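Please build the complex by placing chain B on the supplied structure of chain A, with the hints as guidance.
Keeping their order, the protein sequence lines are chains A and B. If you read the first sequence in the numbering used here, its first letter stands for residue 23, the second for the next number, and so on. If you read the second sequence in the numbering used here, its first letter stands for residue 23, the second for the next number, and so on.
In short, the hints are calculated from the structure, not lab data. All of these numbers come straight from a predicted model, not from anything done at the bench. One should not assume that every hint holds.
[Claimed, not checked] Below are the DSBU-like pairs computed for lysine-lysine, each with C-alpha atoms no more than 30 Å apart in a straight line:
no.: 1; chain 1: A; residue 1: 183; chain 2: B; residue 2: 190
no.: 2; chain 1: B; residue 1: 353; chain 2: B; residue 2: 115
no.: 3; chain 1: B; residue 1: 353; chain 2: B; residue 2: 116
no.: 4; chain 1: B; residue 1: 183; chain 2: A; residue 2: 187
no.: 5; chain 1: A; residue 1: 190; chain 2: B; residue 2: 190
no.: 6; chain 1: A; residue 1: 190; chain 2: A; residue 2: 246
no.: 7; chain 1: B; residue 1: 187; chain 2: A; residue 2: 353
no.: 8; chain 1: A; residue 1: 183; chain 2: B; residue 2: 324
no.: 9; chain 1: A; residue 1: 325; chain 2: A; residue 2: 38
no.: 10; chain 1: A; residue 1: 360; chain 2: A; residue 2: 38
no.: 11; chain 1: B; residue 1: 116; chain 2: A; residue 2: 183
no.: 12; chain 1: B; residue 1: 187; chain 2: A; residue 2: 360
no.: 13; chain 1: A; residue 1: 246; chain 2: B; residue 2: 324
no.: 14; chain 1: A; residue 1: 183; chain 2: B; residue 2: 26
no.: 15; chain 1: A; residue 1: 242; chain 2: B; residue 2: 351
no.: 16; chain 1: B; residue 1: 72; chain 2: A; residue 2: 353
no.: 17; chain 1: B; residue 1: 190; chain 2: A; residue 2: 351
no.: 18; chain 1: A; residue 1: 325; chain 2: B; residue 2: 38
no.: 19; chain 1: B; residue 1: 190; chain 2: B; residue 2: 154
no.: 20; chain 1: A; residue 1: 325; chain 2: B; residue 2: 183
no.: 21; chain 1: B; residue 1: 190; chain 2: A; residue 2: 353
Protein chains: 2
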Amino acid sequence: MELKNDLLIRAAKGEKVERTPVWLMRQAGRILPEYRAVRNSLSGFIELVKNPELAAEVTIQPVDILGVDAAIIFSDILVIPEAMGLPYEMVEKKGPWFPKTINSPEDLSNLKVADAESDLGYVLDAIKVTKKELDGRVPLIGFAGAPWTIFCYMIEGQGSKTFSKARKMLYNEPVMSDQLLQMITDSTIEYLRAQIAAGANIVQVFDSWAGILPSDHYQKFSMKYITQICDAIEEVPVTVFAKGAYFARPEMRHLNCETIGLDWNMGIAESRRLIGEGKTLQGNLDPCALYGSPSEIETATKKMLDDFGTSRHIANLGHGVYPDIDPEKVKVFIQTVKEYSAQLRAQ
Amino acid sequence: MELKNDLLIRAAKGEKVERTPVWLMRQAGRILPEYRAVRNSLSGFIELVKNPELAAEVTIQPVDILGVDAAIIFSDILVIPEAMGLPYEMVEKKGPWFPKTINSPEDLSNLKVADAESDLGYVLDAIKVTKKELDGRVPLIGFAGAPWTIFCYMIEGQGSKTFSKARKMLYNEPVMSDQLLQMITDSTIEYLRAQIAAGANIVQVFDSWAGILPSDHYQKFSMKYITQICDAIEEVPVTVFAKGAYFARPEMRHLNCETIGLDWNMGIAESRRLIGEGKTLQGNLDPCALYGSPSEIETATKKMLDDFGTSRHIANLGHGVYPDIDPEKVKVFIQTVKEYSAQLRAQ
Numbered sequence: 023m024e025l026k027n028d029l030l031i032r033a034a035k036g037e038k039v040e041r042t043p044v045w046l047m048r049q050a051g052r053i054l055p056e057y058r059a060v061r062n063s064l065s066g067f068i069e070l071v072k073n074p075e076l077a078a079e080v081t082i083q084p085v086d087i088l089g090v091d092a093a094i095i096f097s098d099i100l101v102i103p104e105a106m107g108l109p110y111e112m113v114e115k116k117g118p119w120f121p122k123t124i125n126s127p128e129d130l131s132n133l134k135v136a137d138a139e140s141d142l143g144y145v146l147d148a149i150k151v152t153k154k155e156l157d158g159r160v161p162l163i164g165f166a167g168a169p170w171t172i173f174c175y176m177i178e179g180q181g182s183k184t185f186s187k188a189r190k191m192l193y194n195e196p197v198m199s200d201q202l203l204q205m206i207t208d209s210t211i212e213y214l215r216a217q218i219a220a221g222a223n224i225v226q227v228f229d230s231w232a233g234i235l236p237s238d239h240y241q242k243f244s245m246k247y248i249t250q251i252c253d254a255i256e257e258v259p260v261t262v263f264a265k266g267a268y269f270a271r272p273e274m275r276h277l278n279c280e281t282i283g284l285d286w287n288m289g290i291a292e293s294r295r296l297i298g299e300g301k302t303l304q305g306n307l308d309p310c311a312l313y314g315s316p317s318e319i320e321t322a323t324k325k326m327l328d329d330f331g332t333s334r335h336i337a338n339l340g341h342g343v344y345p346d347i348d349p350e351k352v353k354v355f356i357q358t359v360k361e362y363s364a365q366l367r368a369q
Numbered sequence: 023m024e025l026k027n028d029l030l031i032r033a034a035k036g037e038k039v040e041r042t043p044v045w046l047m048r049q050a051g052r053i054l055p056e057y058r059a060v061r062n063s064l065s066g067f068i069e070l071v072k073n074p075e076l077a078a079e080v081t082i083q084p085v086d087i088l089g090v091d092a093a094i095i096f097s098d099i100l101v102i103p104e105a106m107g108l109p110y111e112m113v114e115k116k117g118p119w120f121p122k123t124i125n126s127p128e129d130l131s132n133l134k135v136a137d138a139e140s141d142l143g144y145v146l147d148a149i150k151v152t153k154k155e156l157d158g159r160v161p162l163i164g165f166a167g168a169p170w171t172i173f174c175y176m177i178e179g180q181g182s183k184t185f186s187k188a189r190k191m192l193y194n195e196p197v198m199s200d201q202l203l204q205m206i207t208d209s210t211i212e213y214l215r216a217q218i219a220a221g222a223n224i225v226q227v228f229d230s231w232a233g234i235l236p237s238d239h240y241q242k243f244s245m246k247y248i249t250q251i252c253d254a255i256e257e258v259p260v261t262v263f264a265k266g267a268y269f270a271r272p273e274m275r276h277l278n279c280e281t282i283g284l285d286w287n288m289g290i291a292e293s294r295r296l297i298g299e300g301k302t303l304q305g306n307l308d309p310c311a312l313y314g315s316p317s318e319i320e321t322a323t324k325k326m327l328d329d330f331g332t333s334r335h336i337a338n339l340g341h342g343v344y345p346d347i348d349p350e351k352v353k354v355f356i357q358t359v360k361e362y363s364a365q366l367r368a369q
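Bound conformation, chain A alone:
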């Protein structure tokens, strides 16, 4: 089906666009009362992830309510460890928790490379339902966690400030670490391909814990696998968002992907210089800027648009939208991007 609004896809490919496309990480869920109503009708977060009809509903909510230029499928990066044999729970106010974790090479024998169709069919179904209901209004973004970030959770079993247990594994069990990262990578490639086959128009790889690795380890234990993923996806544009990996920007220039996400610490001009003209950049307003007044949000958003310029940019925050942000403030951000970026091009 042809997309009625394909700004995001064209911007990702580096084509000329009439205005800068805009969406928000974590837009599906969290901030909308309409989302919370759906979420509260079920017993938990994971139940919602596994319910294709309702996942599709909350995926589309921000398109209707906020006016974003893309939907992102409502799901979680941790469906991959679950599909590999390591189920997780989502503990209210605490985050993910894994009853079993990987502690030694022997534990790998309990894992398998995920089969997208049989293990993750609920995500693929949610994509199909969403696509049908979106009816080509905007593109649908599929996603997965980067192998390093998934590895962190599979070793650590929960969030952590240092992920020192996961990082210790890289030093003490480098062979096992490589094996596990490769299994995650293989699972992720098949999963993203299945998302694309189900209808995803673009896919994003989230490396949420990129920023805790020293540069040499990042090359060896993260970029290596992200590179494999980028090389394996040919049908749609790929976005890589490696939060905190400022030191890896020069190497990102060489990734076989279309778009690089920037977090809010990364300088725009510097990032463009390091990453080069060959990529679209996505981001990167400080998520906390949406706590400001409407006029402050407008000013900050315009400044961001000025700094990125009119080519190869997708507007977004520099991280997921925070749960207590007023949706009206989000609308100011979105509206400002739409109007001001069109003005900039008309000049």
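Below, chain B without anything else, positioned relative to chain A:
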């Protein structure tokens, strides 16, 4: 009293040294069984901080046991909010927790600028006891948190991945934020001066949450106050360690301090280029490298020393030592610095 080993002080000042001095952030406490024996004789962490005799004992332990080139007074950055009127508790396995926090401009009226002598006498006493017992063997490092990091805890009341409550305050209450940051700064300057008067030979400012601010906010709400602190301390060298503030390195060149701490993500050559030749650099081995085998630690430490070169470097980890690190591994790090850095100079 003259120092028998003044390598750290001379290295901080940019003087020639026979070998690179070495110490570890968080060396006082955490990893040593001898520390845990003292700690477990009391009811809690804060009781130890407030007991000058025992604080001195655990301050000196790493000098005797590990052979570091400096002692750092055993204390906590959160003694400042407590002295200003906001007491804290240390919750086992969870970290600091403040029963009262700052939520509005009105709350400032319950705070005061700390009086070092009357409110923080226990730290000054601990410094005096330590100095007496150290008997000039190595320098004693005093320290405080940077105003932004202290502000984070005073607003948020506990650790956080995003500190979005504290960061929201910068957007919504910039005047109050400045007032509170100034009160913390004034408290900190008096506190560091009192530490120096009590015997500290060098002081370090820890900006643990530097890395969550966008660059413009970092200038406005953190560097501004760190600059005041650096300008106010004249008697001894000052070290600034702003974890994650890679984007602020070009401005750190202009701080009126002797040493800049680098975290393990910051490239050594790049940092030297950005910060210039006028500062000593401190750091920055990945704390997780100490999970490796002795020969891996040796290799990583030598590489770090090669990269920093033989002038203006103080060896350290890129963050505090992790609690489950084997002290024997720490000794390998320290011994390698001592021997290899002397060899490098003999060549």
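Cross-check of the supplied hints:
1. A:183 <-> B:190: The given pair, whose Cα atoms are some 21 Å apart, holds under the 30 Å limit.
2. B:353 <-> B:115: Holds, at roughly 26 Å.
3. B:353 <-> B:116: holds (29 Å)
4. B:183 <-> A:187: holds (18 Å)
5. A:190 <-> B:190: Judged against 30 Å, a Cα distance of about 35 Å means the pair is violated.
6. A:190 <-> A:246: holds (19 Å)
7. B:187 <-> A:353: Measuring from Cα to Cα gives roughly 21 Å; hence the hint holds.
8. A:183 <-> B:324: Satisfied, since the Cα-Cα distance of roughly 28 Å is no more than 30 Å.
9. A:325 <-> A:38: Measuring from Cα to Cα gives roughly 21 Å; hence the hint holds.
10. A:360 <-> A:38: holds (15 Å)
11. B:116 <-> A:183: holds (11 Å)
12. B:187 <-> A:360: holds (29 Å)
13. A:246 <-> B:324: Holds, because 26 Å separates the two Cα atoms, which is no more than 30 Å.
14. A:183 <-> B:26: violated (39 Å)
15. A:242 <-> B:351: holds (24 Å)
16. B:72 <-> A:353: violated (51 Å)
17. B:190 <-> A:351: Satisfied, since the Cα-Cα distance of roughly 13 Å is no more than 30 Å.
18. A:325 <-> B:38: Given pair residue 325 (chain A), residue 38 (chain B) is violated - Cα atoms ~47 Å apart, limit 30 Å.
19. B:190 <-> B:154: violated (45 Å)
20. A:325 <-> B:183: holds (27 Å)
21. B:190 <-> A:353: The hint holds at about 18 Å.
In this structure, the hints that do not hold are numbers 5, 14, 16, 18, 19, in rising order.
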